[in-house]
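Could you build all of it, start to finish, from the sequences and the hints given here?
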Amino acid sequence: MSLEIKDLHAQIPGREILKGLNLTINPGEVHAIMGPNGSGKSTLSKVLCGHEDYEVTSGEVLLDGQNILDMAVDERSRAGLFLAFQYPHEIPGVSNANFLRAALKARLPKGEDIDAVKFYKQLYARMDQLEMDRSFTSRSVNEGFSGGEKKRNEILQLMMLEPKYAILDETDSGLDIDALKIVSRGVNAMRSENRGFLVITHYQRLLNYIQPDIVHVLMDGQIVHTGGKDLALKLEEKGYDWVKEEMLAAAA
Amino acid sequence: MVSAPDILEPVETEAPDISDIRVDSVGDFTFPERNKFDSGFGITEKTIDYIADVKGDPDWIREFRHKALKVFQEKPMPTHWATKDLENIKFDEFRYYLSDGQKPKRSWDEVPEDVKKTFDRLGIPEQERKFLAGVEAQYDSEAAYSNIKAAVEEQGVIFVNSTEGLHKYPEIFKKWFGKVIPTGDNKFSALNSAVFSGGSFIYVPPGVKVKHPLQAYFRINSEQFGQFERTLIIADEGAEVMYMEGCTAPKFETATLHSAVVELVAMKGAKIQYVTVQNWSSNVFNLVTKRGIAHEDAEVRWIDCNIGSRLTMKYPGVIMKGRRARGEVISIALANSGQHQDTGAKMVHAADETTSNVISKSISIGEGRATYRGLVHIPKHLKGCKNNTECDALLINPNSRTDTYPAISVRGNQHATQHEASVSQVSADQIFYLMQRGLTEAEAMSLSVNGFINDLVKEFPMEYSVELKRLIDLEMEGSVG
Amino acid sequence: MPSDTPTGLLSIAPARSTSTPAWFTTRSNAAWAEFQSLPLPGLKDEHWRYSNAKKIELADHAPAKTPTAEQSKAALAATEGLKERAARFVFVNDTLVESDTSGLPAGVVCVSFEEALKSHEAALQQHFMKGDLPLGSGKFAALHLAHVKAGTVIIVPKNVVIEKPVEIFHWVVGDHAAIFPHTLVVTGDHAQVSVVDHYRSLEGEGGLSIAIADLVGGSGSQITYAACQELADDAQALHLSSITAGRDASVKSFQVQLGAAFSRSESVSDLVGQGARSDMLSVSLPIGDQIVDQRTLQRHKAPHATSDLLYKNALYGKSRTVFSGLIIVDEGAHYTDAYQTCRNLLNSNDAEANSLPGLEINADQVKCSHGSTSGPIADEELFYLKARGIPDIESRRLIVEGFLADVIERFGNSEVLDTLVARIDEKLVRAE
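Going line by line, the protein sequences match chains A, B and C. All residue numbers for the first sequence refer to my numbering, where the first residue is 1353 and numbers rise by one. All residue numbers for the second sequence refer to my numbering, where the first residue is 22 and numbers rise by one. All residue numbers for the third sequence refer to my numbering, where the first residue is 8 and numbers rise by one.
These are calculated hints, taken from the structure and not from any lab test. Computed from a predicted model, the values in this text were never measured in an experiment. Just to be clear, a hint being listed does not mean it is correct.
A short list of chain C residues far from chain B (calculated; beta carbon distances all over 10 Å) [unchecked claim]:
id, residue
1, Thr25
2, Thr27
3, Trp30
4, Gln43
5, Leu111
6, Asn354
In silico DSSO-like links for lysine-lysine, alpha-carbon gap of 27 Å or less [said to hold, decoys possible]:
id, chain 1, residue 1, chain 2, residue 2
7, C, Lys90, C, Lys393
8, B, Lys208, B, Lys342
9, B, Lys407, C, Lys393
10, A, Lys1533, A, Lys1358
11, C, Lys393, B, Lys404
12, B, Lys91, C, Lys51
13, A, Lys1516, A, Lys1533
14, B, Lys407, B, Lys195
15, A, Lys1393, A, Lys1581
16, B, Lys208, B, Lys105
17, B, Lys401, C, Lys434
18, B, Lys88, C, Lys434
19, B, Lys479, A, Lys1470
20, C, Lys325, C, Lys51
21, B, Lys342, C, Lys325
22, C, Lys90, B, Lys407
23, C, Lys62, B, Lys105
24, C, Lys51, B, Lys208
We put the CB at the ideal spot given by N, CA and C, even for glycine.
Quick look at the structure:
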């Protein structure tokens, strides 16, 4: 049981972005991926979810042993893969509550509906954890939300959908320290031995609040370095040049 | 071609057999025909006399019909601006009057069983009737059932079919009939004026606020039969009323014509809301003229949703005749392949400080075409008039089509008008986001489309908005993936 | 009293000299026949809604006579023109009286229409009046083609950039004189040019100008064009422009309507190449009984093209404006961005603004919008200026000037901007 990425190559027309990426996330683990701009961090999250802008040219992604690369975006989601978007989309006219109900209902056998009372009870409890006002249930998804509100809303969805594997794509970007604490608290509450996390970030700051088990460095479409949480501190302090030098030294 | 029969003998047909009912899908079924009167095919002076005889029209109505026939025959089709599809209407191939020759029913028990079945299929829930103040349902040309709750009747509200209205309440009826929409307004209002039957007549006395919506269901149930109901609603000073009209129709082999005229009169301080959900089958030409007059401080609101028909041409209007009068049109149109929803609004400001608001949203699916036509007229020497118009179109498929043709005319420097229109698609990113949460592409599209019109659907009464969403989902099926 | 016998332009057949190329004489004669056979657009014609084709009084006008030496001299004296220019042409009554092309780079063709008929037949045959004129003035265009003899033909070869504007003046002189100026601009790949046409009255009653401009932008080229109509208050003007923007070409066109009792413009942009762009801009400042009638069409025939229309009218007195615009996105013209905005500022209680903004969309992944507003100067805006001590009349003038200058600024040439703003200011003073 794990999310296994094997020799993954992906491209947009005319440019290869992921160039043989390998990574295994076991339930209970929190992996962080750091890397300079343009290294392929956001591409990885979109490729895993099946965004049609990217073409997978070779490799495998196994979710608990099942290859998900032939599955549609929604099938992957229902199989247990969740992406907290870097830029969550606004959905005009669709209320948060209706959206979540629709997403939860999609996970039930055809014809079954969710228990509205239980649903709201759980929803309100989760919102309280994220310090979200009740009015968010009736507001259109992400519409007119501040940056912090959008990110909290992503974590709310994570909490409600309870995926097996969650990818957080730059969840810390645009958050002030208070919002960052709230968001992290939500994520930490969801940590369990049954759930794996992949935290993609540009800054070490987030990792003070969501402590990773393993930290990877992504450069030029490949994982070039793996270490413990100290690695993040080193990257924050020294930048990425030393990783490059090490790579060159290793290649020489 | 069959001309109108010379004799007035009822034409007996066989009693209906429920087992004959052919059910294809919701709102898509037909009952055996059972008509006692039939004006035959085509429209001539004889047709007019036949209808007037059957209905026992007073002389002034008979004369009104004959004059209207002349206007109808003389007026050209408005194809210099409207769609050429109008030329496919063969007026000689329609029957202009059908009736079961029975008086409108007063109690539910007297309603024929097959008609009750029809209502069941339409999904009018039993318990809903409790909330409705009265039901005036039209089965073919005549009302098959009409019932006003005692409470409403006690308030002095008149809610009858138009024939009963003109016979029983001539003093009110004659004063306003044909005054809001003159016979010659357009070719189809002239046609309706010549052959009208059925429709509602409502009078709400001064100060009476009708709590629950008055409701009517219209159906077409005879092949090649055009329906020409005529509705007149008068809300006297300070009165308030909401009227709801919903249409579903069975499918036929040949095109069917529906051409209604609806006139609303809101006296000083009165408020009329007229709600329509139009879901004719996709072979119906639906050419409707709807207009209201709003006197001082009065308000006329048209809440209009067009889902069905082959071609709908309908531009609800408000003439704001008194100071501070308000007019509003809220409109949703859904055009699927083979359909053209040509809808809009007419706002005529005829007094100071009048305000009008038009919000129109259309969705084009497959090769469907949605058109918005608007007219805003603020003539000279008025003060403080305002209009706001917003129309947004959503295109679902690459071959979907939408057009917008507003006309705004403002005179003087004491008014403000604002018109905004946009055309867009549901973005690929939005669909990706929704699918990442586990919705299928079709569900994602349906949710997005419902989101697009959600703020307008809220304007419909609850029971309609639920049905609306269901109908829209049905229409969206198969448009993606 | 009008008689049944046609008079004026309805009956005076055009005269063509024997030196005119045969193909052109043939087209011209055919146009005359077409003019005579076509009916005058009626009141029910959608392209003339809120307007009236009879406002162009064909029977009362005759082709302008060749100017006298004094008239030519007077016109030249009144032509103030730009200091920084690439070329200048001055026509009086469709007769060339001055041309100066000294500021043009080598290889550019910039000649009078009459000259082009002799020297650049091929280009004329390829580009002259090839548009379909879909906005209602087919009859008037036929009349133009029947009579046209003056105007300018500008052909800019590939990669040639003309920095300074080409300026053309058309003067009309004499009672009820009609002129038919033509402008043809063709740019090669990545060429650049800007052209300003002026239409003015020198003396005499009720002139008429039926002018046509054909602008053809080659791949990656840029054309900036302005038609500035400042005819006398009792004149009539019709300006038809037809724009074709090729792949990645950018064409900016302006309609500046300050003169004439009745002034109509019909502007059509065809976006035929991927990545093409057309900016359609207009300002008008009608006063008294002036009528300004504007018809526009943005036709997207290729994907990834952009069109942006902004028309602003500031109305005074009993003036009227009609704006009728349509965006058509053809099947296959996906990823179109098309915008259309008409703003009317009503400055008197008798002025009337009519707007007919339209959209016809037949493609996918399209971003289209139109907006139209009509109203007076906002109270808050006026209050703000007055609160700074500016008197009411000055405040209003500033606001209107700003309202219109916002459009003219997009021409991108400061001398043209200054000149036009000065003309607007002059007229604003008259408006008050």
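Verification of the supplied hints:
1. Thr25: 44 Å, holds
2. Thr27: 39 Å, holds
3. Trp30: 36 Å, holds
4. Gln43: Since the minimum Cβ distance to chain B is about 24 Å, Gln43 (chain C) lies beyond 10 Å and the statement holds.
5. Leu111: 43 Å, holds
6. Asn354: The claim breaks: Asn354 (chain C) does not keep its Cβ more than 10 Å from every Cβ of chain B (closest is about 6 Å).
7. C:Lys90 with C:Lys393: Violated - the C-alpha atoms of Lys393 (chain C) and Lys90 (chain C) are around 37 Å apart, more than 27 Å.
8. B:Lys208 with B:Lys342: 25 Å, holds
9. B:Lys407 with C:Lys393: 25 Å, holds
10. A:Lys1533 with A:Lys1358: Violated. Lys1533 (chain A) to Lys1358 (chain A) sits at ~34 Å, over the 27 Å cutoff.
11. C:Lys393 with B:Lys404: 24 Å, holds
12. B:Lys91 with C:Lys51: 22 Å, holds
13. A:Lys1516 with A:Lys1533: 23 Å, holds
14. B:Lys407 with B:Lys195: 33 Å, violated
15. A:Lys1393 with A:Lys1581: Cα-Cα ~18 Å, so holds.
16. B:Lys208 with B:Lys105: Roughly 15 Å separates the two Cα atoms, so the pair holds.
17. B:Lys401 with C:Lys434: This hinted pair holds, its Cα atoms lying about 25 Å apart.
18. B:Lys88 with C:Lys434: Violated, at about 54 Å.
19. B:Lys479 with A:Lys1470: 26 Å, holds
20. C:Lys325 with C:Lys51: Distance ~24 Å between Lys325 (chain C) and Lys51 (chain C) Cα, so the pair holds.
21. B:Lys342 with C:Lys325: 25 Å, holds
22. C:Lys90 with B:Lys407: 47 Å, violated
23. C:Lys62 with B:Lys105: Distance ~31 Å between Lys62 (chain C) and Lys105 (chain B) Cα, so the pair is violated.
24. C:Lys51 with B:Lys208: 16 Å, holds
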